[in-house]
Structures are given as C-alpha cells and as structure tokens.
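Put the two chains together into one complex; each comes in its own frame, and the hints tell you how they fit.
As you go down the protein sequences, you meet chains A and B in turn. Quick note on the numbering used here: the first sequence kicks off at -1 and runs consecutively. Quick note on the numbering used here: the second sequence kicks off at 4 and runs consecutively.
Treat the hints as calculated values from the structure; they're not laboratory data. One or more hints might be untrue.
To be verified - Estimated spans, in silico, between C-beta atoms of each pair:
{"#": "1", "chain 1": "B", "residue 1": "Q45", "chain 2": "A", "residue 2": "G101", "range": "45 to 51 Å"}
{"#": "2", "chain 1": "A", "residue 1": "T66", "chain 2": "B", "residue 2": "Q53", "range": "48 to 54 Å"}
{"#": "3", "chain 1": "B", "residue 1": "G67", "chain 2": "A", "residue 2": "G44", "range": "47 to 53 Å"}
{"#": "4", "chain 1": "A", "residue 1": "L0", "chain 2": "B", "residue 2": "A234", "range": "42 to 48 Å"}
{"#": "5", "chain 1": "A", "residue 1": "T66", "chain 2": "B", "residue 2": "R157", "range": "47 to 53 Å"}
{"#": "6", "chain 1": "A", "residue 1": "H61", "chain 2": "B", "residue 2": "K198", "range": "29 to 35 Å"}
{"#": "7", "chain 1": "A", "residue 1": "T86", "chain 2": "B", "residue 2": "E86", "range": "31 to 37 Å"}
{"#": "8", "chain 1": "B", "residue 1": "G152", "chain 2": "A", "residue 2": "L64", "range": "31 to 37 Å"}
{"#": "9", "chain 1": "A", "residue 1": "P48", "chain 2": "B", "residue 2": "K198", "range": "42 to 48 Å"}
Treat the numbers as computed from the prediction; the structure is a model and nothing was measured. All residues carry an ideal CB built from backbone N, CA and C; glycine is no exception.
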Amino acid sequence: MLLPTVVLLARGLSADFWPTLLSPVVVDALRVSAWTTGLSLLLTVGLGTPTAWVLARRRFPGHALLETLLDLPIMLPPVVAGVALLLTFGQSGLLGRPLELAGIRLAFSPAAVVLALLFTSAPYYIRAARAGFSAFDPDIEAAARVDGAGGAGVFWRVTLPLSLPFLLEGVVLAWARSLGEFGATILFAGSLQGQTRTMTLAIYSALESDLRPALVLSAIMVASAFGLLLLVRVLTAGRRGGA
Amino acid sequence: MRFLLACLALGVFPAHAAPLTVFAASSLSDAFSEIGHKFDAQTGHRTTFQFAGSQLLRTQLGQGARADVYASANAAQYDPLVEAGRAAPGQTFVRNRLTVIAPRNSTAVKTLADLARPGVQLVLADKAVPVGDASRKAFDLIARAGTYGSDFSRRVQANVVSEEPNVRQVAVKIQLGQGDAAVVYVSDVTPALKKDVRTIGLPTRFNPLVSYPIGTLTASQNPAAARAFVAYVLSAEGQRILKKWGFVGAR
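Bound-form chain B, shown alone (with noise of 0.2 Å):
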C-alpha cells in the first residue's frame, strides 16, 4: 500500500507495473485477497479480483470477459476454456476437502447421518458449482459404502432446500441460521464463520481432495505479469497463505 501511495505521489510507476485482473472461485476469496496485497507490494503491479462460483467466472470469461488470470476450483470449469483456446493449460496449485457446516446453537445435525433424516433443512451449492458438484460426489459414495444405507444420497438430496451460486453464499446462510446443515470446503471454515457454526467431519474415504487449477488467459494484456502472479501462488510464500487460510498444498 505503501508503495502504491508512493508511485502515485510520484506520479509514475515502475516499467513493469501492471494492472492485473484475476478470477478466482469463490471459496479462495481470503487467501487471495491477501495472497494479491502482498504480490502487489513486491512487484508494484495493481491486482484486482473477482470472486464468484467458478462456473460463473467461466461463463463470463467463455462470452468475453477481460482477465489476465482464471483460478478455479475443479477441472471441469476450467478445461473448457483450454479446449476454447481462451486458457494456457491449468496447474494444480492447491488441494481442499470437504465439510458439514452447521449453526453453532442447533442440534437438529450432529451426525452425518442426521443428514438423511426426514425435514432437516440442508444448503448446497449448485450442481454446476464446483462444490455442489463435489458434494453430490460425497453423498453417492457415503451411499455406496452402504453405513447409512444406500438411499442415503437420495434421501440427504430430499432435505435441500436451496441450491445457491457459489460456495460463500451457502456459507453465510449457515452463519446466518438459516438452514440445519451445509456443505462447503474446510477452508471454508474461516475464523469469521468458526464463531456461529460447529464442523462435522466428513471421512477422507467419502471425501477425496479436489484439485484447483490456475493459468493464465490468452486475452491478458499483460501476459508477463500474469505468469508472474502464477508463479508467486505456486511459490514458497503464496502455498504458505494458501495453507494458512485451510487449504492443502499442492504437493
């Protein structure tokens, strides 16, 4: 900031400053937004964000959208723009997992199980969010496996009550008190939510880590910069925010 303020005073910025637009899916909205503050001050470039359900930064970006950078949270809403040939081909920077969110002062969901009873109010996110879609993915495997029974997915599917856009948005309703139980990534579970909604876990065997792609757009003015914005997430210091905010490495 301080270093904007200066550039500014002086009226000039240095050659190589740029300003650089990036799309990222919703749930990376803290550790990005932090990640940006901190790749700003060392480079000078001016990064600004836009966060929302990734199938929806998709859409934009497949009808035009300018931007220099697509972060997204699965393959599937970000290969397309590859084959579009509107992307350089994504690699995976980060690894998240999935969680049962419910309000911290409710009981009506204590256990995974509770998911299939009869009138408890659930939250997903749309199927075509990346999350909404992953968590469908959970319910079907918990059913295979049988413990619940395996009308489990279908059941827990007849208990939601809204599909929302993006992951934040399913997030705040929990937060909000409304609804018994939702699902979101556990670095969705931010210190600001940690307050209002208790965690139930969900086992890593109905719960495989999804993997988020980021590349660069073709349509950037400023390729140079973008790569560079790549490359410090997938540096030392942007893995160390990322892991900071929840989220699994990498590697």
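Extracted from the complex, chain A is given alone in its bound form (with noise of 0.2 Å):
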C-alpha cells in the first residue's frame, strides 16, 4: 500500500522538479485548483454553517429527507454529479436557458468549477459542522441567554467555539475532497489550460503527451493530501482531548 505512494513522490521530485513546477502547464492548474478551491470552500462555509445550524436545531417536517438529500452527493459517483450538474446548468440545461437569457454562461467557465465543487464537496462539512453543533448540550446555549445574551452573541460565544474543531475538520474534509475532483470538473466545466484545467485535469491531460508535469503535480498532490489528512488527525485529536 505505501510502495505507490513512495514511487510517485520519488519520480515527481526527481530530476526536473524546479523547472516543471515552473512550466506553464503546472503554474496554470495549481492557480486555477487555488482559486476555484478557495471560493467554493468560502461559499461551503458561508452557505453550509447555516444549513448545518437549522438541520442540528430544528426539527420540521422533511427533515430527515433534506439531510439525506444533502448528503447523497458523498454517495453519487462524480461523473454521476457532473451529468446532473450539465442537465441543471449547461447550456441547454433546466436552469441553463433562462442563465443564458440574463447574460449568465456558466458551462465551460471557472464558474463552472466551482459549482462542481461545491457540489460535490459542500456535503462533508455540512455532516461535520452537523455533527459539531449536535455534539454538545443545547442547554449550555441556554444558560447563556438566561445570562442575558443575544441570538449573535450566543452563536459567536459559545455555539462557535464550542463546534469549531468539527466545523474545521469539516473544511479540511472538503478542501481534500474538492482538489481531488475530477468526473464533474471534466464533464461540465471541459477543460481549457488557465481557465478550467485544475490539478487533476491537467494531470489527465499531461499524462497524454508529456510525463513531467502529471508527475509534479501528482508529488504535490501527494503532499497536500498527506498535509490535510494530518490536520485532520490533530483537530480530532484535540477534540477528544477537550470534551
């Protein structure tokens, strides 16, 4: 199990390391998986703490439909997520059409790398930050209020800092799982260098002309991974620590 792993980081740092990292082709796929990673993992955060806080809290009828719903993106193949995000949002998609009429092109676009990220990697905080905010008494939120406390001051004193090593893990669950994208990437947003090809496009489309650059960014995504996954064990970590 660990003889690939090792393979690959010794072929991808070898030799050229320097100069393809700096190539064109590598350059271009760590902006374009940078960027598109960080916005969607900021839409997450804005859009799935919310979420997470009203499924944790609130019970309301379809309750239980919701969180599957929201959740079945973890269990859908990519390329599953990616023909269900084109018949939504392509260009002649449900939602497409009208997208189009009011100036909107989201197929082939950065924008379209983004909402496939989110959508296929929103789900894993939402479950965490779920988790975090089920995962202590709401009756310490309470007594906060009796103290005299309001709705903003609770959540920013004690709901935050309390959840925050799940809300966390759940950023770093889904950051791993965006930059590994590639079935919906490749299937709705195409792949053009410095506009859609993030680090696992370009590592596919290297693969067919030029072993370098697949190589590096392979080492770097070796890397990243094996980063994210030990942040993940320290913030669990420290949170078994602290309950």
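In structure tokens:
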C-alpha cells in the first residue's frame, strides 16, 4: 500500500522538479485549483454553516429527507454529479437557458468548476458541522441566553467555539475532496488550460503527452493530501482531549 | 456469441482460440466493436477492446501495457512505438475526414465563418489527440486560403472553451448541447449522434484524408491471433463494416 505513494513521490520530486514546477502547464493548474477550491470553500462555509445549524437545531417536516438529499453527493459517483449539473446548469439544461438569457454563461467557465466543486464537496462540511452543532448540550446555549446574551452573541461566544474543531475538520475534508475532484469538473466545465483545467485535469491531460508535469502535480497532490490528513488527525485529537 | 456459449458449455476452446486485446482510437469504437463480434464468431478468439485517445493508448503501450494489436488515428501516435521496437510497422487500414458539428437546435454556428465569430463556444480535442491536431491543421489551411481572413485560425482558436481527451468526448459535449460547435471525424456522426447534431461540411481542400495505421505489438502473447485480427480488418468484410460506419476505405 505504501509503495505506490513512495514511488510517485520519488519520481515526481526527482530531476526536473523545479523547472517543471515553473512551467505554464503546472503553474496554471495550481492557480486554477487554488482559487476555484478557495472560492468553493468560502461558499461552502458561508451557506453550509447556517444550513447545518438549522438541521441540527430545528425539527420540521421533511427534515430527514432534506438531510439525506444533502448527503447524497457523497455517495454519487462524480461523473453522475457531472451529468446532473450539466442537465441543470448546462448550456441547454433546465436553468442553463434562462441563465443564458440573463447574460450568465456557466458552461465551460471557471464558475462551472466552482459549482462542480461546491456540489461534490459541501456535503462533507455540512455533515461535520451538523455533528459539531449536535456535539454539546443546547442547555449551555440556553444558560448563556439566561445570563443575558443575545442570539448572535450566543452563536459567536458559545456555539462557534464549542463546535469549532468539527467545523475545521469539515473544512479540511471538503477542501481535500474539491482538490481531488475530476469527473464532475471535466464533464461540466470542460478542460482548458488556465481557465478550467484544475490539477487533476492537468494530470490527466499531461499523461497523454509529457509525463513530467503529471508527475510533479501528482507529487504535490500526495504531499497536500498527507498534510490535510495530518491536520484532520490533529483536529480530532484536540476534540477528544477537550471533550 | 452462440459459439462462445457452446465452447463454455463444453468447457473447451478450439486449440487456436486465444484472448486478444486490441488498443484502438476512440473514433473506431463502434466499427471495431462490430468487427470484434464478427471476428470472434468466426475464429473463436475472445477479443476485448480498449478505446481511448490514440495519444493515451500510445503512452500506455510505451509504459508497457500488454496488448496484441494497436490501431491509431494517425501515424504520429503510431510510429514512435515502431521506433521503440514495441510495434510492427503499421499498415493503413482506413481513412477519415473531418466535419464540423453543432447542436441541432442551436443557431450560433451555421457556416464555417461563424466559427471565428467572437463569443462562439468551440469544443476541440486536445492538440495531442489526432483529431485535435487535424482540426488545427484544417483551420490553418482555411486561414492560408484567405477566404475568411488570414487570422481565421487564430480567431477560431480563441473561441475554444474546452480541449477534450478524445474525439468521443468532443462529440458528447455537443450531443448534450454543451458548446456551440465542435470538430470531429465524419465517422463520429453515428446514427445515435445524428439525431442531436447538425453537420457543417468542411470542403475537401481544407480537409485532407487522414490515414489510420494498424499493426501487431511485439509484446503480444498471441502473435498469430493478432495477425489474424489485422488481416480481418483489412479483409473485404472488415472494410465493409468500416465503410458502413462512415469511414473511407484504405485504398
């Protein structure tokens, strides 16, 4: 199990690492991946946190159904997610036409990449955040309210600090997932260097001509995956220690 | 199929029956699948195919992938394997031309000139893919003719919104209505695709025939069966099937 990783790292880090790292193919892929995953992560946290809070604290008809639907992309093969996005937001998709009339072209744009990443990775954050908001007794919040704290005050002073390790873990998992996304992106956003060609797409296309960028990008992916896993480990350890 | 089942039922295969792996360009998917069925039924061999962009198959074969026959969509992705001693010299077994396709219900691209209009979303195969290479050469030929201006090729390529890994991925984007136009081979406009796309012809002077080479691989475990498959593709029956799927015959 360890051998392929070691071989990949050794090949990727050998000989031409720096010149290849600075080549346009690699730099463009890193840039596209950095900002698309960054933006999708911001949207995930911004939209996912309130969603997770409502799911953890409120009971309403269809609660279980909504929870399951939000989890669904975790189970969906990425290619299926890509088809779903294409049929919804694609050029001739359900919402694609009205969007086009409104002057918004999602197809083949970096926005399509962000949407693909959001769709496939946000569930990981929402799951973790939901667990975070359910991890402590709501009485603590009630007590804070009795002591005179307002709604926002309770959230910032009590809820957020108590669930923070969970939220961070969710962010890391979602980020790792979006860095590795391939199927939904290539189907929904296409693959164009400097625009929509993320790291995984660049690895795939480089495999067909020049192997070196693929090896270097793969080595970077291995290193970042390792770093992120380690981070999750530290975060969950901190949680266990604190509880 | 019946033959295969009969063999399985008896638990024996004829002495000469062999498993055969054929690496073939994406554009050959339909024609070779049919050829494979007929070939297996006649010979008792069990042929499996791997279809992908010729450049990807070439990389895999170069890295030591085991296969018996390689059919590439151009010589540029075949000859390096001959030089490396991995494949026997290729023979041209079929030829093909390019065509422009557009979604049936879209009016963004109606003529060749429209390809260069600003804002048109064009899907091409990657430069390394044979059809991607041929498409760019065709644009250069049109630019050189001057009909649509000498910067035609540059303006068209500025409209490219995605560079796909093989010709069937290019076709499926247009079939799904994603993108205003694309360049594929004439043979890719299969009955299944015809329902969803319009074709815009590319005059033959901009559209030279491309030749597909086929040959056996030196790593083949069943060289006799591999040679038989190549011979079948070159036979009258093999050529008939290829022509049926829109290819131009080898000679």
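Each hint tested on the structure:
| no. | hint | result |
| --- | --- | --- |
| 1 | B:Q45 with A:G101: 45 to 51 Å | violated, 59 Å |
| 2 | A:T66 with B:Q53: 48 to 54 Å | violated, 38 Å |
| 3 | B:G67 with A:G44: 47 to 53 Å | holds, 48 Å |
| 4 | A:L0 with B:A234: 42 to 48 Å | holds, 47 Å |
| 5 | A:T66 with B:R157: 47 to 53 Å | holds, 51 Å |
| 6 | A:H61 with B:K198: 29 to 35 Å | violated, 43 Å |
| 7 | A:T86 with B:E86: 31 to 37 Å | violated, 48 Å |
| 8 | B:G152 with A:L64: 31 to 37 Å | violated, 55 Å |
| 9 | A:P48 with B:K198: 42 to 48 Å | holds, 45 Å |
In summary, the structure is inconsistent with hints 1, 2, 6, 7 and 8 from the numbered list given earlier, while agreeing with the others.
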